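If you read the protein sequences in the order shown, they are chains A and B.
By the count of my numbering, the first sequence reaches residue 216 at its end, each step adding exactly one.
By the count of my numbering, the second sequence reaches residue 128 at its end, each step adding exactly one.
These are calculated hints, taken from the structure and not from any lab test.
There's no promise every hint is true.
Stated by the list, open to error - With a cut-off of at most 16 Å between alpha-carbon atoms, the simulated EDC-like pairs for lysine to aspartate or glutamate come out as follows:
no.: 1; chain 1: A; residue 1: K69; chain 2: B; residue 2: E126
no.: 2; chain 1: B; residue 1: K35; chain 2: B; residue 2: E126
no.: 3; chain 1: A; residue 1: K169; chain 2: A; residue 2: E139
no.: 4; chain 1: A; residue 1: K166; chain 2: B; residue 2: E51
no.: 5; chain 1: A; residue 1: K166; chain 2: B; residue 2: D70
no.: 6; chain 1: A; residue 1: K166; chain 2: A; residue 2: E122
no.: 7; chain 1: B; residue 1: K100; chain 2: B; residue 2: D66
no.: 8; chain 1: A; residue 1: K169; chain 2: A; residue 2: E122
no.: 9; chain 1: B; residue 1: K100; chain 2: B; residue 2: E126
no.: 10; chain 1: A; residue 1: K169; chain 2: B; residue 2: E51
no.: 11; chain 1: A; residue 1: K166; chain 2: A; residue 2: D141
no.: 12; chain 1: B; residue 1: K100; chain 2: B; residue 2: D57
no.: 13; chain 1: B; residue 1: K100; chain 2: B; residue 2: D115
no.: 14; chain 1: A; residue 1: K166; chain 2: B; residue 2: D66
no.: 15; chain 1: B; residue 1: K100; chain 2: A; residue 2: D192
no.: 16; chain 1: A; residue 1: K166; chain 2: B; residue 2: D57
no.: 17; chain 1: A; residue 1: K169; chain 2: B; residue 2: E126
no.: 18; chain 1: A; residue 1: K166; chain 2: B; residue 2: E116
no.: 19; chain 1: A; residue 1: K166; chain 2: A; residue 2: D183
no.: 20; chain 1: B; residue 1: K100; chain 2: B; residue 2: E51
no.: 21; chain 1: A; residue 1: K106; chain 2: A; residue 2: D192
All values derive from a computational prediction rather than experimental measurement.
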Amino acid sequence: MSLSRRKAVSSLGATLVAIALRPMRSFAGEVETLAAIRALFGEKPMQTGRVALQLPSLAESGNLVPLTITVDSPMTETDYVRRVCIFANRNPRPWIAAVTLGPKAAKAEFSTNMRLSGTQDVIAIAEMSDASLWTAQANVLVTVGACDSMLMRR
Amino acid sequence: MAFNTRIRVPATAKAGEIVEIRAMIMHPMENGFRVDTQGTAIPVDIITDFVCSYDAAEIFRVRLEPGLAANPYFSFFLKATRSGVVEFAWTAQDESVTTASAPIEVT
């Protein structure tokens, strides 16, 4: 088969278009994270600060990533943290957990372990008793993600 | 179905002291993305709620999602006000509840 220059150019163009239009890997992206956040908190403005995320900057396994969240709050009957929501912005399901603290919790601090599907940002949003929202985020480098069997299936 | 749990509550505390509470439940927290050796997907099987209460008040409540690691673990703090029992309850997605409790003596 002789390949004319015109044919070659047009087939190259078609290939490039096909590559560009190929559906993205269906990771939940930042868009879905924002949708999840909006579903929980609406359009209320958020401020950065008062929340501290303690995370390893490099996690060897995404299956178990320790996380400590501290919120700067006096934790009295009138001024306390109502809830803290945790998101991982490239997990298949970005929402990780919602923690509600009672006014009798002594400190606005807790630890848990989470799963991360890969290197990404972890976002925490704290809702105070006066309904203001405070947020913080931290990046974690993950060597082996938690959902590798899922990725191989695709 | 009840699951094994591990809880840690200090046996004694001074009045007003802030003590750390730790609680863990042995549960695989299947996230629905894993496949077995035959290649069939393992369905989601998770604990959905965890509550710790003390002195007639909720201290700590979590809504769990599959993004939490297997054997979900939480550590948090409470202020010891009076002698009593610290109660823990985990609800699985089939609505079955696993409970645990530990006494705390406040001096």
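Holds or violated: A:K169 with A:E122, Cα cutoff 16 Å?
-> Roughly 30 Å separates the two Cα atoms, so the pair is violated.
Hinted pair B:K100 and A:D192, Cα distance within 16 Å = 22 Å, violated
Straight-line Cα separation of A:K166 and A:E122 no greater than 16 Å?
-> Measuring from Cα to Cα gives roughly 36 Å; hence the hint is violated.
Compare the distance between the alpha carbons of A:K166 and B:D66 with 16 Å, and conclude whether the hinted pair is satisfied.
-> Not satisfied, since the Cα-Cα distance of roughly 31 Å exceeds 16 Å.
With a cut-off of 16 Å on the C-alpha distance, tell me whether A:K166 and A:D183 pass.
-> It is violated: about 31 Å lies between the C-alpha atoms, which goes past 16 Å.
Does the structure keep B:K100 and B:E51 at a Cα separation of 16 Å or less?
-> Violated, at roughly 34 Å.
Quick one, are A:K166 and B:D57 close enough, alpha carbons at most 16 Å?
-> 44 Å, violated
Taken at face value, is the distance from the CA of B:D115 to the CA of B:K100 at most 16 Å?
-> Status violated; Cα separation ~33 Å.
Pair hint A:K166 and B:D70, alpha-carbon separation not exceeding 16 Å | 19 Å, violated
Pair hint A:K69 and B:E126, alpha-carbon separation not exceeding 16 Å | Distance ~85 Å between A:K69 and B:E126 Cα, so the pair is violated.
Has the given pair, A:K169 with B:E51, been kept, meaning a C-alpha gap of at most 16 Å?
-> Cα-Cα ~31 Å, so violated.
Taken at face value, is the distance from the CA of B:E51 to the CA of A:K166 at most 16 Å?
-> 32 Å, violated
Violated hints, in rising order: 1, 4, 5, 6, 7, 8, 10, 12, 13, 14, 15, 16, 17, 18, 19, 20; the structure is consistent with all others.
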